[in-house]
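Residues in the sequence shown are numbered consecutively from 3, following the numbering used here.
To be clear, the hints were calculated from the coordinates, so they are not data collected in a lab. Wrong hints could be hidden among the right ones.
Stated by the list, open to error - Quick list of the computed label-pair ranges, beta carbon to beta carbon:
1. Leu403 to Asp132: 57 to 63 Å
2. Thr371 to Ala321: 27 to 33 Å
3. Asp746 to Ala364: 50 to 56 Å
4. Ala250 to Asn4: 20 to 26 Å
5. Lys18 to Asp563: 53 to 59 Å
6. Gly319 to Lys182: 53 to 59 Å
7. Gly824 to Ala291: 44 to 50 Å
8. Leu403 to Asp282: 32 to 38 Å
9. Ala721 to Ser93: 52 to 58 Å
10. Gln71 to Pro138: 43 to 49 Å
11. Gln357 to Glu440: 29 to 35 Å
12. Thr329 to His292: 18 to 24 Å
What the hints assert, rightly or not - In silico lysine-lysine, BS3-like type, Cα no more than 25 Å apart, as pairs:
13. Lys648 to Lys526
14. Lys498 to Lys585
15. Lys332 to Lys741
16. Lys657 to Lys645
17. Lys571 to Lys585
18. Lys609 to Lys813
19. Lys182 to Lys162
20. Lys569 to Lys609
21. Lys167 to Lys182
The C-beta atom is built at its ideal place from N, Cα and C for all residues, glycine as well.
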Amino acid sequence: MNLRDYILDRWRDRLKAHEALVIYDPDGHYAALLADMDVPGCTVIDGRASLIQAREDAMDAWCALGTTQKGHQHLLVYLPYAAPTTNQQRSQDPFFPIALAGSHFPASESDRFQPLCYAAKPDHKAALDDLFAANPNPDIDLVDTIDAGAHWPLLRALLKVESGKEILVALLAPTEGQRKQLTQDTNWPIEYHTLARTLLGFASNRKTTRWDTIRADLARYVLFSELAFDLPGSLPEALQQVPRAADAHRDLIYAVCADLRAHDQRRAAYIDLARSIEHDLSLRSHFEAHTDFGQRDTFQFEERAYLQQFTRHVIEGQAAAAEAILTGRKQSVWAGTEERGVMWDLATTALHLHQAVSAEAAWHTQHTTPALNDLLDRYIADAYHVDTLQRRLEHTILDALDVSLDDALDALIQHVRKAYRTYLETTQTALLGAVQDEGWPSGGLPHQTQTYQQFVAPLLKQHGTRVAYVLVDAFRYELGCELLEPLGKYGDVNLKAVTAQMPTVTQVGMAALLADADHDLRLKTHKVRLAPFLGDAPILTPSDRLRHMQKHLGDRVAMLDLDAFTKRKAPQIDEGVHLLLVKTTEIDSAGESGDDAVLRAIQSVYKKLHRMVHTLSAMGFDTVVIATDHGFVLHPQSLSGQKADKPDGTWLLDKERCLIGTRTGATTALAFSTAHVGIRGDAPHVVLPHGFGVFRAGSMYHHGGLSLQEAVLPVLSLALSRPADSPQEKSADLVLSYKGGHTDRITSRRPMIEVALYGQEVGLFGGEETSGLTFRLEAQAGKQVVGQAATSTHVDPATGLITLQPGAAVKIPLRMDETFEGAFTVAAIDPATQVVYHTLTLKTDYLDF
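Whole structure, please, built from the sequences with the hints as guidance.
Set out below in structure tokens:
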């Protein structure tokens with residue numbers, strides 16, 4: 003590029019951003035450029051004739067900037083001396099206040115004259131080095147003559163590009179049109195060999211006119227040179243003779259490789275070239291002893307090596323070193339591929355879980371015998387996040403079942419799972435110790451039986467208020483915390499923690515959420531089993547709960563299943579209904595049926611809650627209160643609860659994590675009177691296993707006992723802002739693509755879908771604040787969903803939803819159904835209204851071996 007234009011463009015950008023720019027030029031490089039400053043409304047003041055006059059003119063022009071609309075007037079001041087560097091020099095410079103309020107040049111190392119020359123002419127670093135060695139202070143015109151004879155006319159015309167760097171990039175990763183020209187024309191190779199020698203010092207011994215052969219040789223030279231430049235140490239002995247560029251060509255090599263990796267259209271070509279070179283040179287085996295490869299992952303073996311180092315750092319407790327590797331991999335072309343992206347998602351989540359577990363371990367070291375309220379306060383404020391991270395890790399592992407994990411990563415997962423299990427046992431031991439001393443529930447938090455009385459009944463006393471009371475089976479505290487932000491898009495939302503009624507089972511917990519529960523709830527014998535009663539009536543089923551509420555509210559109360567809000571046609575709710583009970587057992591049913599199902603069910607329920615809130619808002623409901631019967635323990639996979647011996651006795655309630663009845667024999671478990679843990683009723687004794695044990699073999703999902711995860715519950719109250727016909731009215735334009743649009747065939751069951759959001763977003767409720775566009779991404783074949791967004795950096799692990807800000811462009815992995823093959827549509831869908839923002843038609847072409 004012309005150096006004169008390059009510098010002027012820099013000045014124009016500074017003026018656009020800062021309005022005022024002071025040029026310090028002791029060597030006189032830039033004086034000749036002043037006449038070319040053609041920025042509209044720009045006052046140019048030359049300080050060479052008189053600094054006093056220049057100061058007066060500059061101050062007048064500077065003051066005038068404040069009287070016009072921003073961006074309409076600019077000021078450039080040229081000074082023939084060096085910029086002040088000390089505070090004393092700055093205080094004595096009459097122009098520095100302008101530089102401080104606006105900007106100055108040079109402002110950094112990259113603004114110095116020689117680096118400017120390199121940046122403007124990356125093709126000619128060697129020639130520039132020679133020029134500056136012979137003439138330490140060349141003028142701009144002399145620098146611009148350095149490439150006067152190197153225009154490469156044939157290659158420029160053939161490839162329709164200008165600079166040598168662009169020619170090299172086009173040779174390595176051509177567009178379809180460029181590739182056609184390169185394969186059909188046989189005259190360009192002669193000019194290419196001259197270009198390669200001049201720009202890169204590369205002289206190929208092959209005498210060929212075939213583009214694919216020339217390309218392979220050039221790619222090996224360029225990519226191997228980048229590896230060698232970036233390598234902190236020396237190359238292995240076996241690779242010392244492989245041709246590579248001299249140091250004078252470093253900047254151009256870096257620029258070409260960066261350009262190849264930065265653009266979607268070229269990235270696939272780069273990956274193919276790099277894999278081929280890595281295989282041909284056996285790089286992975288040659289670098290087995292290396293641990294540091296620099297900042298650039300030129301080849302995939304480097305990324306794999308860094309993943310191994312990362313896992314070792316986490317296992318050894320070196321979190322800072324692990325974080326440094328994560329930061330470096332953000333720019334890695336390999337860490338974002340379909341095959342490797344899931345590895346780094348897993349690694350990142352594992353690190354964060356390990357850090358959270360370590361923080362809680364440190365807290366327990368300082369608080370060896372915490373009081374019950376201290377434990378509850380710690381959990382509500384911070385420790386619940388550990389459970390969130392553990393669930394995210396297990397969900398990410400579930401999403402990666404179709405991926406063959408690196409051995410090092412598998413070792414990391416097992417290490418972090420054990421660390422989480424140790425954390426669980428530590429907190430559980432502390433909790434049960436506190437309960438032995440103080441009893442349950444705590445007086446520091448509302449009790450579950452007070453939920454209706456505190457959060458629902460006062461609303462119904464307000465004339466005309468309509469309330470949806472959502473009873474979600476198995477919705478532990480951390481799940482409520484994750485729902486807090488998404489619900490905030492619909493109105494003012496508050497979260498309160500309550501302590502669960504023992505035992506933490508569905509029938510008891512659901513009865514505890516009803517009217518009169520705080521003073522009437524009893525556990526009585528019913529058909530030889532213990533059952534919850536309110537007054538004289540057993541409360542066992544949803545119908546029982548509805549009948550109980552109808553005793554208080556008559557036909558002002560109705561009940562629906564959460565699934566009713568997922569149908570195309572909204573449910574019909576009579577206008578006279580002021581309390582709508584909404585029920586779902588999806589999470590608990592999934593947890594009881596299988597280890598993996600509960601993780602999928604959590605996302606499913608979140609999506610349905612989105613839809614429900616939107617529908618209720620449109621129907622004129624005022625408030626949504628979400629409560630739950632109990633939480634649950636989600637053990638790491640393969641580390642389920644250990645079997646505890648069941649003591650002799652007559653057990654009216656016999657659950658995995660709790661026995662209630664009359665104990666007749668000794669026990670190694672924890673035995674309490676029912677009154678000690680807040681149970682009123684017929685049975686005298688309750689027995690709990692130590693830690694997270696179970697009285698009968700279970701899986702990774704448990705409830706019924708007394709733990710923070712089972713017995714600290716969320717209550718969410720959402721005051722709806724307005725009927726939300728469209729909670730995401732946007733002028734923003736969302737666009738989906740795959741591999742830059744170069745193919746419509748996916749070869750992996752985890753394709754990376756490119757999502758870009760263009761345009762100016764309108765605030766969620768008409769205000770100026772922007773909250774981003776939230777949507778779900780799924781693959782559809784007819785009415786069947788055959789793929790969903792897999793867990794990744796940009797996908798909310800709780801809801802499976804993606805939120806983007808205008809101007810964002812990200813890649814989202816899809817997890818395709820293993821049994822599906824054929825044509826399908828990828829759709830971005832509003833989770834509330836089901837409006838489709840954009841679709842993309844693809845087909846499968848799996849590379850199964």
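Against the structure, the hints come out as follows:
no.: 1; hint: Leu403 to Asp132: 57 to 63 Å; in the structure: holds, 59 Å
no.: 2; hint: Thr371 to Ala321: 27 to 33 Å; in the structure: holds, 28 Å
no.: 3; hint: Asp746 to Ala364: 50 to 56 Å; in the structure: holds, 52 Å
no.: 4; hint: Ala250 to Asn4: 20 to 26 Å; in the structure: holds, 22 Å
no.: 5; hint: Lys18 to Asp563: 53 to 59 Å; in the structure: holds, 58 Å
no.: 6; hint: Gly319 to Lys182: 53 to 59 Å; in the structure: holds, 56 Å
no.: 7; hint: Gly824 to Ala291: 44 to 50 Å; in the structure: holds, 47 Å
no.: 8; hint: Leu403 to Asp282: 32 to 38 Å; in the structure: holds, 33 Å
no.: 9; hint: Ala721 to Ser93: 52 to 58 Å; in the structure: holds, 56 Å
no.: 10; hint: Gln71 to Pro138: 43 to 49 Å; in the structure: holds, 45 Å
no.: 11; hint: Gln357 to Glu440: 29 to 35 Å; in the structure: holds, 31 Å
no.: 12; hint: Thr329 to His292: 18 to 24 Å; in the structure: holds, 20 Å
no.: 13; hint: Lys648 to Lys526; in the structure: holds, 22 Å
no.: 14; hint: Lys498 to Lys585; in the structure: holds, 20 Å
no.: 15; hint: Lys332 to Lys741; in the structure: holds, 19 Å
no.: 16; hint: Lys657 to Lys645; in the structure: holds, 13 Å
no.: 17; hint: Lys571 to Lys585; in the structure: holds, 19 Å
no.: 18; hint: Lys609 to Lys813; in the structure: holds, 21 Å
no.: 19; hint: Lys182 to Lys162; in the structure: holds, 13 Å
no.: 20; hint: Lys569 to Lys609; in the structure: holds, 13 Å
no.: 21; hint: Lys167 to Lys182; in the structure: holds, 20 Å
The structure shown violates none of the earlier numbered hints.
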